[in-house]
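With chain L fixed as given, assemble chain R onto it according to the hints.
Number of protein chains: 2
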Amino acid sequence: MNLKNSSHDFSGFDLNSYISKKNILINDELNKIISSSQNSNLLTKAMSYSLLSGGKRIRPVLCIAASEAVGGNEYDVLPAACALEMIHTYSLIHDDLPAMDNDTLRRGKPTCHVAFNESTAILAGDALLTLAFQILSSVHINNGAAKWLKVIHVVSLAAGYRGMIEGQMRDMASENSHISLKELEDMHSLKTGVLIEASVESGAILGNGNSEQIEQLKIYAKNIGLAFQITDDLLNVKGDPAITGKAAGSDKTRNKNTYPALLGVTGSENHAKKLITDALHAIETFDNKSDSLRALALYIIERKR
Amino acid sequence: MNLKNSSHDFSGFDLNSYISKKNILINDELNKIISSSQNSNLLTKAMSYSLLSGGKRIRPVLCIAASEAVGGNEYDVLPAACALEMIHTYSLIHDDLPAMDNDTLRRGKPTCHVAFNESTAILAGDALLTLAFQILSSVHINNGAAKWLKVIHVVSLAAGYRGMIEGQMRDMASENSHISLKELEDMHSLKTGVLIEASVESGAILGNGNSEQIEQLKIYAKNIGLAFQITDDLLNVKGDPAITGKAAGSDKTRNKNTYPALLGVTGSENHAKKLITDALHAIETFDNKSDSLRALALYIIERKR
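Protein chains in written order, with my numbering: chain L, 135 to 439; chain R, 135 to 439.
A portion of the hints provided could be inaccurate.
Because identical chains cannot be distinguished in the list, a pair is counted as satisfied if it fits within a single copy or across any two copies.
[Claimed, not checked] Computed list of lysine-lysine pairs in DSS-like fashion (alpha-carbon distance at most 27 Å, straight line): (1) K179 / K390; (2) K166 / K284; (3) K316 / K179; (4) K423 / K316; (5) K408 / K166; (6) K166 / K316; (7) K179 / K190; (8) K352 / K407; (9) K155 / K372; (10) K284 / K408; (11) K179 / K438; (12) K243 / K166.
If you're looking for bench data, these hints aren't it; they were derived computationally from the structure.
Excised from the complex, chain L in its bound form (with noise of 0.2 Å):
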């Protein structure tokens, strides 16, 4: 893709070994988090087994990059990047649950509720929202509590009624009936979108980005965001199973709303260039601290899973 063309040069950056560095220090801090209780019962072993079984930790990587982007550094922030992954978590815990999706697999593992039991599963969900409140709270620095205080309250704002839960309260609705693509983008802004842009406006906060940096980056957020839906539909119809861990073409068997249905696949590979396009275009002038963001960007639509 000639998007690395740009009037900025960041093909020299390495994102496999930047992904890999940020994957170790997170891997180890939700280890330290989850593990540091003192006796190992059946709810911390469920939420362990859904916290480490290996996700992409787009989104904490995407909060320790927008605070490099602006000068921070990846240990400030590193309690809201855990929290944001046990949101996330906790989000597809319940999405599988029977009363929701049903899925049974998740990563390539029985999902939560199944390899534990559907109690067991909402309270793991339950306890991983509240965990992650918990940590954003943790961090006693009191010329930065209200830095925190902010992010916590983008964070819950993403997390919430008017974001993550009320996307997945239309995904669920919209399943067997068709919807315009005004609102497949609204309910995936919501679903997805919003807590990918808290996400790196947390980063671009404890980083104490200037509020103009800010809302560059949310604008990059809010494209990448949708762009990054759109290359989960497509890895669906296109993507060979053994990478993304989810059967070929689940998404037109069940009759889901997706990019390639309403726009083709050809539409929607160029509706996500010209979204992460918009993206570079936001951070344009940030210097070469944001290579790291700019490269996730073509890394969003690039991924094979």
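Here is chain R on its own, set in the frame of chain L:
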């Protein structure tokens, strides 16, 4: 009961009027928060249905009373009071689910999953839990941020995987099996006690109580929390179903572990009285701004529902 004849005479305190006034304040604020959503969709309807169904509002009233006891005022603490009621309500919605206690009636009305459906009830619970943290982080007073961050930490610890949620895990695990008095107390301390403690502690923090006052108030709260549960168990045995809204003897039918089953009715009553005496003792040196807390302690064991 002669508990009123303690070293501090609060017999003139009009608790009914106090609770009524606070309930109006709390319900008005909860209404305002929930109805500020522009479009009333299914999700917000389910959230309102459970949140505004006329609970006793014990946690928010305790939060406000604790704040006033250390010289704070009701308005400063109102967001915390509302957040605590949201967390309590979310826990009831999830506990009532078919995969959990499978209850169809709550406060004399169909439970959330019966009135709506299971997926909506799960998401309405998730949304109320998330909204609680949104409200706790919405107070934008820069020099008060550290206090609110501390409250978020206290509340998330109480509501989380080493608090309320673990309590529900143990409650379910203990059905149809016999547990000791120690195990019963630990379970109830987790399931209901810690959130009651957090309610009192949050109020005391926001009212600018000093650390000694906060410690004494936590002892008060720990004792009334357990007495509250014992009274719940006693009402299930002796209460009037027309007033309690629950079938008499339903705990016994469901083979639940209760205080009357372990200590007998008189033994349970005496245990509850002892706890209330200890609660009153903990705040003995507090002035008459704590009379609401004193009267609430008695109300806990004298209530009929």
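Consistency of the hints with the structure:
When the C-alpha separation of K179 and K390 is checked against a cutoff of 27 Å, the pair qualifies only between copies, where the shortest distance is 26 Å, while the shortest distance within a copy is 33 Å. In the homo-oligomer, the alpha carbons of K166 and K284 lie at most 27 Å apart both inside one protomer (25 Å) and across protomers (22 Å), since each shortest distance falls under that limit. Taking identical chains as interchangeable, the C-alpha atoms of K316 and K179 lie at most 27 Å apart only when they sit on different chains, with a minimum of 24 Å there against 41 Å within one chain. Proximity of K423 and K316 under a CA criterion of 27 Å is satisfied in neither setting, with 34 Å inside one chain copy and 56 Å between copies.
For a Cα distance limit of 27 Å, the shortest separation of K408 from K166 qualifies neither inside one copy, at 40 Å, nor across copies, at 41 Å. In this assembly of identical chains, the alpha carbons of K166 and K316 never lie at most 27 Å apart, being 42 Å within a copy and 30 Å across copies at closest. Taking the shortest Cα distances, K179 and K190 sit within 27 Å of each other inside one copy (21 Å), while across copies they are farther apart (35 Å). Taking the closest pair of Cα atoms, K352 and K407 come within 27 Å of each other only inside a single copy of the chain (18 Å); across copies the shortest separation is 57 Å, beyond that limit.
Proximity of K155 to K372 under the C-alpha cut-off of 27 Å is found in neither arrangement, the shortest distances being 29 Å within a copy and 62 Å between copies. Taking CA atoms no more than 27 Å apart as the test, K284 paired with K408 passes in neither setting, with 31 Å inside one copy and 44 Å between copies. In this assembly of identical chains, the alpha carbons of K179 and K438 never lie at most 27 Å apart, being 30 Å within a copy and 40 Å across copies at closest. When the C-alpha separation of K243 and K166 is checked against a cutoff of 27 Å, the pair qualifies only within one copy, where the shortest distance is 23 Å, while the shortest distance between copies is 43 Å.
The structure fails hints 4, 5, 6, 9, 10 and 11 (numbered hints given earlier, in ascending order).
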